[in-house]
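Undergrad: First to last, the sequence lines map onto chains A, B and C. The numbering of the first sequence is the numbering used here, which starts it at 1 and goes up by one. The numbering of the second sequence is the numbering used here, which starts it at 331 and goes up by one. The numbering of the third sequence is the numbering used here, which starts it at 450 and goes up by one.
Derived from the structure by calculation, the hints contain no laboratory data. C-beta atoms are modelled at their ideal positions from N, C-alpha and C, and glycine is treated no differently. Please note: incorrect hints may appear among the correct ones.
Said to hold, decoys possible - Among chain C residues calculated to face chain B with C-beta under 8 angstroms, some are:
{"hint": "1", "residue": "Glu591"}
{"hint": "2", "residue": "Met636"}
{"hint": "3", "residue": "Arg649"}
{"hint": "4", "residue": "Val921"}
{"hint": "5", "residue": "Trp922"}
Unchecked claim - Here are some chain C residues the structure puts well away from chain B; computed CB gaps all over 10 angstroms:
{"hint": "6", "residue": "Ala499"}
{"hint": "7", "residue": "Gly632"}
{"hint": "8", "residue": "Ala779"}
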Amino acid sequence: MMTIVFSLFLLTMLVIVAVAILRTDNLFTAVMLSGIFSLIMAANFFVLDAADVALTEAVIGAGISTVLFLGALALTAEHDHSPPVGSWVPLVTSSALGGVIIFATLQAPRLGDPNAIVHKHVAPWYLENTPLLIDVPNVVTAVLASFRGYDTLGEVFVVFTACIGVMSLLGRVRPRGELIEEGEFDKRTDNLRHHLIPRVVGKMLVPFIVLFGLYVQFHGDFGPGGGFQAGALVAAGIILYSLVEGGARGRELVPEWFSGMLVALGAFTYAAVGVACMVMGGRFLDYSVLSHDPVHGQHLGILLIEAGVGMTVAGVMITIFHAFSRRGIR
Amino acid sequence: MALLGLYNYFVFAVLLMIGLYCVLARTNIVKSLIGLSIFQSAVFLLYISMDKVDGGTAPIIQEGVENQVFANPLPQVLILTAIVVGISTTALALAVAVRIKEAYGTIEEDKIQEMDREP
Amino acid sequence: MTLYDQLPALVVAVLLFTAPIAYMLRLHGFPWAAATAAVVTSFAVACSLAATVIGGETIIYEMGGWPAPYGIVLHIDALSALMAMLITGASSAALIFGYKSLADEVGEETAPAFFAAWLLCTAGLVGMVITGDAFNIFVFMEISSLSTYVLVSAGPDRRALISTYRYIVMGTVGATFYLIGVGFLYMVTGTLNTADLAARVGQVEDIRLVLVAAGFVSVGLAVKAAVFPLHAWMPNAYTFAPNAVTVFIAAASTKVSLYVLMRVDYAIFQNSIANHDIQLTLFLVPLGVLALFVGSLLAIYERNLKTLLAYSSVAQIGYIALGMAMTSVAGLTGAIVHMFNHGLIKGGMFMAVACLALRYRTVNVANLAGAGKAMPWTMAAFVIGGLGLIGVPLTPGFISKWYLVLAALDKGWLGVFLIVVILVSSLLAVIYVWKVIEVAYFREPRANAVPVTQEAPLAMLIPTWIVVLTGVWFAVDSSVPVGLASSAARTLLGVAP
């Protein structure tokens, strides 16, 4: 009963926050609200028994995404100067979309119904066979890293592409002498060093965040976690340090060549594991051939590719953050 | 429970509408991107709503506990991928927005269109 | 496991494996070399795969060793092998051709990122056509989309940036629609494997969710395929991208989304939705006709040569949509053959444009006066391509239109109307091709124009002519593409070969 009330409350809050984002003209408010939106979404995922996803949405949606938006805001504008909506097209299109979806989902299976088709076909096989074939307690990690490992390979390369995209767009430091409008960076400082409390508390938290990130990386087989969450957490720790101490010291701590190398190395590791499996006689990404018996091979394969994923995600998030933070410096 | 299920899908539909409306009706680039990320997040809600099983728990097999009912792991895997794809797109789009601001001096699409119309 | 058995995975793995290497090793000229080597290898693999399946077999390759539907499988038959050849071939041709052109437009500093993105774009497109899993299509669609955004944004003009932004927004909305559609399909069948979906969708009791899923998937893929009226992102993206990038994406990227649309529609929805063919006709015929007229008319009034060709592509995609709408073997054969032929035609034409741009430093049609004399070989290649757009016999465009007309003859009054439409649009194509020919051959260069005396470098001319001549060869001896397309059409429609 309490779950239902809580769920209804969270869902309603989602809608309210989304409407608030739509209506506000101040972009800073909108970005902060979108961070809150992601956090409420993460709580909702947790209520729906999706622990891994809740962790990922919290770190990436509420954490990294908010920081990236703020970084972009500092370089672009503070207010939304949109003119009042001239045509009826957006309203009609959105309403039609919503109407179609509501119409369709009236026939959807009841929430939580154990006899729904989705729970009867592929999912029971995963739940039964993971202990036998892969022997990893977290079934989500088993499916992500092994059964559907090809998808995860694709995902790592999507993140890699985003990194090379941001680097190719924002790679060069801006030539000196160019005017920055609306006076952001010369009026603000890019660190919090003269604010004592954030500085002290922030610096104390950074090692714990990084440690927790490493824990999540290696414990992802046994509990919620894995490469994506871990990489994002470690990156969040480093970003917090950069926010508190200033971008220059952040770049001293984790130089850009290092994070760039991590990015490429992680993606390369994943692809290399796949090729190694082929060389050793199995299919692409068939970890069973990596070791003396299939289950150990699976463990080894999952360990290696999760490491690759963690390296790439951490490297990408840090690189993108540094690209944004150093762009505005005169 | 049926009410909760319908409400889940209803909220999904509403968030989709709000996200798409924000993308279409607002000319500020950063605002549109926030709307785009709301639009993508709504889809996550759709998939994760499918994974719940009555009386189930997160699909982590505990040793020694028999007859556990688990939630469906597959939508969770799909959405983990989709979240990461979403942030990648957002990061790239924000980098493009920063470059647009540097090249055009503004991130309002109507002003950019005016500037581009002049030969 | 012999090397032969691993070919399906290799076609993508080679590209993915090389991308981080191309990005990491920042030696002069290395990124281009690594990218070209990887793409050409991938093309060779795709050709040998095509040779295997040309007889009508299907290769199923289980990724990670897990059987379908629990794991992801690659599904390669005649059509997917043909598409893989088209993509890797276009990519190799554009890379080899573009060495000088890209060195001109993309700086040394961004070269590693640019070529890594090129490799990933090719990998994403190939991954989309060889996979047999609906969600995997989404992942590789996003790989190819994100890398295309990176490639397009590398254009030298600042309008490349705003074009990229608009492309990002429309592309992401399209991909998300596709994701919603797959979500609904999963909700009613519990599986993601395309063959399994095809088998199970027919057993679903309530058709409403399947219909809505079909709608979302189709609209999402239509955005990516630049089907009218969702084509708005395309003309600017093609115009302001670096020229070699336009060669590649014009030849390959929209075709892949059209291919996926064909697969999903015919494999999954055909047998489960009653009157599916009538619905498809109702939906696609008006859009195809509008695409033909609007695309051709906008091309006629356009002053920028690249934008003109982009609008012409909108029209040509209309032909493919019409072919799909006529759910018959002849219609689908025409559509598939045209995907292939249009790739050759537009690839060649954009290559000619890149040659012109290298020497004239502009792509404004009015400034290209006298190009017929100054750069005869380049303009001749362009003219042959233009004849292909019109559909003159002995050009590849003729073969596709022939099959479309054959298909239309079976359709009664609608067919007659479509034949008229095809003829009128061919006439419109004559107008916009003639516009360019007239300026190039029959007008003298202006007095204050920079004189152009040199033909394009051989390194660019030779690939251009290879592509153009391949097109002509396939027009004269069309047995191979038509044979493959025809057997693919029969497979899609479930008719015995």
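Undergrad: If you check each hint against the structure, which ones fail?
TA: Failing hints, ascending: 3, 4, 5, 7.
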